[in-house]
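Novice: The listed protein sequences correspond, in order, to chains E and P. Just so you know, we're using our numbering here: the first sequence kicks off at 1 and counts up by one. Just so you know, we're using our numbering here: the second sequence kicks off at 1 and counts up by one.
In short, the hints are calculated from the structure, not lab data. One or more hints might be untrue.
Unchecked claim - Computed list of lysine-lysine pairs in DSBU-like fashion (alpha-carbon distance at most 30 Å, straight line): (1) P:K136 x E:K287; (2) P:K44 x E:K287; (3) E:K287 x E:K120; (4) P:K44 x P:K136.
As the list claims (entries may be wrong) - Simulated restraints, written as ranges between beta carbons of each label pair: (5) P:G102 x E:T145: 23 to 31 Å; (6) E:L51 x P:I198: 16 to 24 Å; (7) E:H147 x P:Y4: 28 to 36 Å; (8) P:G139 x E:V144: 37 to 45 Å; (9) E:F50 x P:R20: 48 to 56 Å.
Unchecked claim - Only part of the chain P face toward chain E is listed, based on derived beta-carbon distances under 7 Å: (10) M19; (11) L49; (12) T146; (13) N158; (14) I159; (15) I177; (16) I202; (17) F205; (18) H208.
Glycine is no exception: its CB is placed at the ideal position from the N, C-alpha and C atoms.
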Amino acid sequence: MINLHWLYILAGAVFLSFAIGSARDASNPKRLGNALFWSLVALSFWFGDFLGDIGNGVLVLALVGVAGTHMLGRGTAESTTVEQRERFSERYGNRLFLPALIIPFTAFVGTMAFNYTPLKGTDLIDPKAVTLVLLGLGVILALVTCHVWLGPPAAAPVEEGSRLMNGVGWAAVLPQMLAALGAIFAAAGVGTTIGAIAGAILPEGSIFLAVLLYALGMVVFTMIMGNAFAAFPVMAAAIGVPLLIHAGGGNPAVIGAVGMLSGFCGTLMTPMAANFNIVPAALLELKSQYAVIRAQVPTALALLVANILILYVAGFHL
Amino acid sequence: MIDYWPLLGIALVVVGFAMRFNPLLVVAVAAIVTGLLGGMPFLKVLSVLGHGFNENRYVSIIWIVLPVIGLLERYGLQQRARTLIANMRGATAGRLLIVYLGFRQVLAALGLTSVMGHPQTVRPLLAPMALAAAEKQHGALDEDTTERVKAMSAATDNIGLFFGEDIFLAIASILLIQGSLAGFGIELTPFQLSVWAIPTAICAFLIHGTRLLLVDRKLGRRA
């Protein structure tokens, strides 16, 4: 059965290619630091399951050490100039979109074909990893297509991939680090503490104030943890179940679903949700790493108000 | 008596991010401090951290798309995306982003969350297209406006994803809600929960769509 581990092998190979591409980039004065950093990520993908928990912990510290001591840089060499790119763009026309669309198309059609045909009954692909596996397949198909059609130099995918990856830099592993921090927070009892605080400042007798505290608690706790998943069980236990569902008689489906969605408003406003908020700023080469968050805050706040109203009206008055 | 000490780790994260230390360093220090204050010996902290990192490797798989995206950029993909929009009559940055928002929400609601995303579609296609449309509306863009249009492209992808995915039955967050409430003896089906994600999804489209139309008005006014 094709599962996540197949993808880890592919990802390890891709990160190793980033390490090699970085090491060969003479225009980057810190190229060895970059090569070391991506080699460690490749090591994690290939051998993470054999290193043991403490071994992985040491690997994490090594990654942090490389990034924290400013050993990462980026090259200045561009493979083609803007003028050359304009000319290529003229020559190949809109067909240039086709390889780019192979990846989402393979993931989309493949997932549909897998889920709605007898393929699902077979043991071909782990159902939990279908879209990601097909995304990986799409990457391979797109690479082959580009090579046959455009005939780039053999090292081109490695050079170009490294160029983009070094533009993102350490931010690439920040989401994974934050997930690990979440595990520490959970083990150290941070959730219990926050739940206890929320419970201690509860208003009495007012359903609306309880709804307000539940939604705001989801937002604040989500902003701290970086995702709503960690916040939900805590806020459900502290306010959602005892006050809104049991004492207040609210509709549990509304309290559950819209409570989680209130947390998602918090996700839009925190740097802790790095893969959504910090990584794109690096990927789009924005000047401020908080520019994406600033663009999201007005939508998040207006939507939070909408969620509170939905919780109150649909949860208690429908 | 509430034990407030583990919260110091949160304060460290906030202060560290605000003081612009390297975020990886901030997170690692916060993790170790929080673990130690929570009563764990150092080696235990290290192993929880290592285990958490290893278990979440799937989060970083997405970077495998970069060689393809980089290769296509070498052959002028971003320039092509700009040309396409520049030749399209009636295309504006706001309208383009609204169409993307709708697509993103619908596909996410079908469970296809990895089909679009920042490396796959925002950097190579959406952001250059939005910039090209904005240039058509406004003339040459200053640095601040360029920054704002790019940031809005990334924001639109996030909002479409977050407020579409919970309509899908088998998404992790729906299963988590179901599991958490089942722990209190409240039995719900994923369908009951995902139906209640629809009102918020509609509100998200209306609210963010309105903001995108305002982006158009602003771009048009300063031309």
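Novice: Against this structure, judge whether each hint is valid.
Specialist: Consistency of the hints with the structure:
1. Distance check on the hinted pair: P:K136 and E:K287 sit about 23 Å apart at the alpha-carbon level, within 30 Å; holds.
2. Simply put, P:K44 and E:K287 have alpha-carbon atoms about 39 Å apart, too far for the 30 Å limit, and the pair is violated.
3. Annotation: proposed proximity of E:K287 to E:K120 is violated, straight-line Cα distance about 46 Å (limit 30 Å).
4. Restraint check: the Cα-Cα separation between P:K44 and P:K136 comes to about 58 Å, which exceeds 30 Å; the hinted pair is violated.
5. Restraint check, P:G102 to E:T145: a C-beta distance of roughly 29 Å satisfies the suggested window 23 to 31 Å.
6. About 44 Å separates the C-beta atoms of E:L51 and P:I198, a value inconsistent with the hinted range of 16 to 24 Å.
7. A C-beta distance of roughly 58 Å is found between E:H147 and P:Y4, which places it outside the suggested range of 28 to 36 Å.
8. Checked against the given bound of 37 to 45 Å, the beta carbons of P:G139 and E:V144, roughly 42 Å apart, stay inside it.
9. Take E:F50 and P:R20: their Cβ atoms lie about 37 Å apart, and the range 48 to 56 Å is violated.
10. A least Cβ separation of about 13 Å between P:M19 and chain E goes past the 7 Å threshold, and the interface hint is therefore violated.
11. The closest approach between the C-beta of P:L49 and any C-beta of chain E is roughly 5 Å, which is under the 7 Å cut-off, so the hint is satisfied.
12. Against a cut-off of 7 Å between C-beta atoms, the interface hint on P:T146 is violated, since the closest Cβ of chain E lies about 9 Å away.
13. Interface hint status for P:N158: upheld, as the beta-carbon distance to the closest one in chain E is roughly 5 Å, under 7 Å.
14. Residue-level restraint check for P:I159 holds (minimum Cβ-Cβ distance to chain E is 6 Å; threshold 7 Å).
15. Against a cut-off of 7 Å between C-beta atoms, the interface hint on P:I177 holds, since the closest Cβ of chain E lies about 4 Å away.
16. Nearest Cβ of chain E to the Cβ of P:I202: about 9 Å, over the 7 Å cut. The hint is violated.
17. At a threshold of 7 Å, the smallest CB-CB gap from P:F205 to chain E is about 10 Å, leaving the interface hint violated.
18. Against a cut-off of 7 Å between C-beta atoms, the interface hint on P:H208 holds, since the closest Cβ of chain E lies about 5 Å away.
Checked against the numbered hints given earlier, the structure breaks hints 2, 3, 4, 6, 7, 9, 10, 12, 16 and 17 and satisfies all the rest.
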